[in-house]
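Required output: the full structure, derived from the provided sequences and hints.
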Amino acid sequence: MTPDKKSISELFDKREQYLIPLFQRGYVWALDKQIALLWEDIIEQMEALAEYRANAKQVGQDQLRKLRKHFLGAIVIGPLVEGDGQRVSSREVIDGQQRITTLQILLLALRDVCKTAGDEALDEDLRNLTFNKGSYLNKADAQKVMPTNAGREILQTLVSLGGIDAVSERYPAWRWLVDAEKKWEWCDRPLMVQAYLYFHAMLLCQLRGLRFDAPATDDDSDTGRTISEEVIRQVRKGNEFKLPRADTSLKMGVARLLLDSFESCFQIMQLRLEDEDDPQIIFETLNARGEPLTPSDLIRNFLFLRAIRAGEDVDALYDEYWKPFDEKPDAAAQAKGTPFWRKEERQGRLKSARIDLFMYHYTTLRRVATLKVAHVFEEFKDWWDGADRQTAVEMGRIKALSSHFEKIVAPGQKGKFERFCRRLMLLDTSTATPLLLYFLEQFAPDSDEFGQVMRDIDSYLVRRFVCGLTTKSYNKTFMHLLEEAVQNGKPCPDQLRKNLLSLKGDSQLWPDDQLFADKWELGRLYQGSSTRKVRAVLEGLEMGLRTYKQEYLPELELLSVEHVMPQKWKPEDYPLPIDDAGSRTVRGNLIHSIGNLTLVTPGYNSNLSNRGFHEKRPEIAANSALQLNCYFQQFGDDHVWDEAAIRNRAVKFLPLAIGIWAKPD
Numbered sequence: 000m001t002p003d004k005k006s007i008s009e010l011f012d013k014r015e016q017y018l019i020p021l022f023q024r025g026y027v028w029a030l031d032k033q034i035a036l037l038w039e040d041i042i043e044q045m046e047a048l049a050e051y052r053a054n055a056k057q058v059g060q061d062q063l064r065k066l067r068k069h070f071l072g073a074i075v076i077g078p079l080v081e082g083d084g085q086r087v088s089s090r091e092v093i094d095g096q097q098r099i100t101t102l103q104i105l106l107l108a109l110r111d112v113c114k115t116a117g118d119e120a121l122d123e124d125l126r127n128l129t130f131n132k133g134s135y136l137n138k139a140d141a142q143k144v145m146p147t148n149a150g151r152e153i154l155q156t157l158v159s160l161g162g163i164d165a166v167s168e169r170y171p172a173w174r175w176l177v178d179a180e181k182k183w184e185w186c187d188r189p190l191m192v193q194a195y196l197y198f199h200a201m202l203l204c205q206l207r208g209l210r211f212d213a214p215a216t217d218d219d220s221d222t223g224r225t226i227s228e229e230v231i232r233q234v235r236k237g238n239e240f241k242l243p244r245a246d247t248s249l250k251m252g253v254a255r256l257l258l259d260s261f262e263s264c265f266q267i268m269q270l271r272l273e274d275e276d277d278p279q280i281i282f283e284t285l286n287a288r289g290e291p292l293t294p295s296d297l298i299r300n301f302l303f304l305r306a307i308r309a310g311e312d313v314d315a316l317y318d319e320y321w322k323p324f325d326e327k328p329d330a331a332a333q334a335k336g337t338p339f340w341r342k343e344e345r346q347g348r349l350k351s352a353r354i355d356l357f358m359y360h361y362t363t364l365r366r367v368a369t370l371k372v373a374h375v376f377e378e379f380k381d382w383w384d385g386a387d388r389q390t391a392v393e394m395g396r397i398k399a400l401s402s403h404f405e406k407i408v409a410p411g412q413k414g415k416f417e418r419f420c421r422r423l424m425l426l427d428t429s430t431a432t433p434l435l436l437y438f439l440e441q442f443a444p445d446s447d448e449f450g451q452v453m454r455d456i457d458s459y460l461v462r463r464f465v466c467g468l469t470t471k472s473y474n475k476t477f478m479h480l481l482e483e484a485v486q487n488g489k490p491c492p493d494q495l496r497k498n499l500l501s502l503k504g505d506s507q508l509w510p511d512d513q514l515f516a517d518k519w520e521l522g523r524l525y526q527g528s529s530t531r532k533v534r535a536v537l538e539g540l541e542m543g544l545r546t547y548k549q550e551y552l553p554e555l556e557l558l559s560v561e562h563v564m565p566q567k568w569k570p571e572d573y574p575l576p577i578d579d580a581g582s583r584t585v586r587g588n589l590i591h592s593i594g595n596l597t598l599v600t601p602g603y604n605s606n607l608s609n610r611g612f613h614e615k616r617p618e619i620a621a622n623s624a625l626q627l628n629c630y631f632q633q634f635g636d637d638h639v640w641d642e643a644a645i646r647n648r649a650v651k652f653l654p655l656a657i658g659i660w661a662k663p664d
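Numbering (numbering that gives the first Met the number 0), first residue to last: 0 to 664.
Hints were generated in silico from the structure; no laboratory data involved.
Please note: incorrect hints may appear among the correct ones.
Restraint-style ranges between C-beta atoms, simulated for each label pair [stated by the list, open to error]:
#, residue 1, residue 2, range
1, E43, N474, 44 to 52 Å
2, D12, A315, 52 to 60 Å
3, D664, K327, 21 to 29 Å
4, V639, R232, 55 to 63 Å
As the structure is a prediction and not an experimental result, all values here were calculated from the model.
The beta carbon of each residue, even a glycine, is placed where N, CA and C say it ideally should be.
Structure (structure tokens):
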């Protein structure tokens, strides 16, 4: 490994391309966390250079205090791959790709800001730092930086568009949907685009004499924001940039000073690897400085480095198996540009990007062991090294299970599997995921075999919730079930059922019909953080009541839980037979029992929630689209909703519940 100190300009002055290999993650630097802070450092160093030059004219070089350079961190690059007449020379970036990409985006923005000034010398200097001169077979070789696949098209667009207006139009912050419902929607701009727009706007302001911490307006209004804060706001929310002093001419001397500071005021430690150095070990040791590497980043790195060593076609592997993890859009997101797998989700105590949650459960399945989140990559690597594995085969297995995990982490209501996954989500039980993935490797979600697995696990979880039994042992319970399933040699639904039925003790047992019936009628289900879990039970009942005759099914996520007898009931609306402490305690429990709980659609008038039953019942019976609420059509306006009525409704739905969440003999 050969160390070398480089300025920003020296990083890019040679006719070479920095190639971000496939095993690297995409661009992750954000405006407020890294980009704005880098800009402040750059301006302060530029001002220090101006002060240094002014002092040099007054006191002479001998008496000058040394100009201190700002350290921008380290980058690690691979050996030079020599080009030929048709290809540019290149170096792989092992670590530091965020810095290199950001600095190149800054230079592209400076190039575009300055190109209309007519300063040929400045244009030529910036061209040398943003363009590899030559005639190449692949036009992209002219770029100084070639990102990993997920960002290549974006950076190529920034290179070619050449200005803030064109880039903003190509990547709008919001757009108007005329053909749909005549409304606008947010579009989450890619982070590289955000960085470019920020740098371009801040350069315009700086060249007009406005520092990053100056007030955001040039009139009497006061937004309380600085220039930097206002630009960040416009990058995230605006399609057009409205910057102060728009009529002021640009001071190109400031642009030249800024470029000079790139040469004189900044220092980067460049570490060049030799052929004998192992890039994988170095990559794992050197974490990206601004954003910690996630388990999926490290696993991606590991897989593609192994593929490179084996001489496999990494581009083909990426396109076939990994590209969706980087680019699949989240159809349910308001910001249409947000990738599906990068959205954060909470499962139990875990809150991570979906791809990291998947890798956690996938590695748990492969290791058949309970893992710590911080150890996912090490466990994955140990599992991989434990046998002779083929990259394409294993990545194919990852891709296949990821399609099922999509339904687990973001379920809809199309079919039994998605509705089952939604109930798992509402019950907040992610510990069963590795076990489900194990069976999904063998059986299709709509197969009879997996249908039995779903019914048994669904029954086990819902019955335990209704009976008020603890969830604290679920981690051990489902790991034990996974271990037994794997030891069996292949997924066997009948064996899983046998193992579930054998569980004993309150911490593990599968409640029988008698215990379930007792708790179903009298159990206090709605309490604390159990609202979502109650929804799971009520939605299950609704689906059990529906037949082919019911054509309309409201979207489940739009429904809300409603107490028929209000939590804040009034004696004049719901009189107690005997007004004493005992009666109030009984009512307090029954109010939160299944017999008094229902679901209502958005059309329900929430103002009626605390009203008397004679006012609520007609509203629920007439306007609800749910079969669950057809029950109330049998009553007249003079019907009394009391403890007996609540218990009668619970008893009415009990056979249905026992059938939906059946426990086999």
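Structure-based check of each hint:
1. E43 <-> N474: 44 to 52 Å: holds, 50 Å
2. D12 <-> A315: 52 to 60 Å: Violated: the Cβ-Cβ distance is about 34 Å, outside 52 to 60 Å.
3. D664 <-> K327: 21 to 29 Å: Violated - the Cβ-Cβ distance for D664 and K327, about 44 Å, lies outside 21 to 29 Å.
4. V639 <-> R232: 55 to 63 Å: Distance hint for V639, R232 holds at roughly 57 Å.
Checked against the numbered hints above, the structure violates hints 2, 3; every other hint is satisfied.
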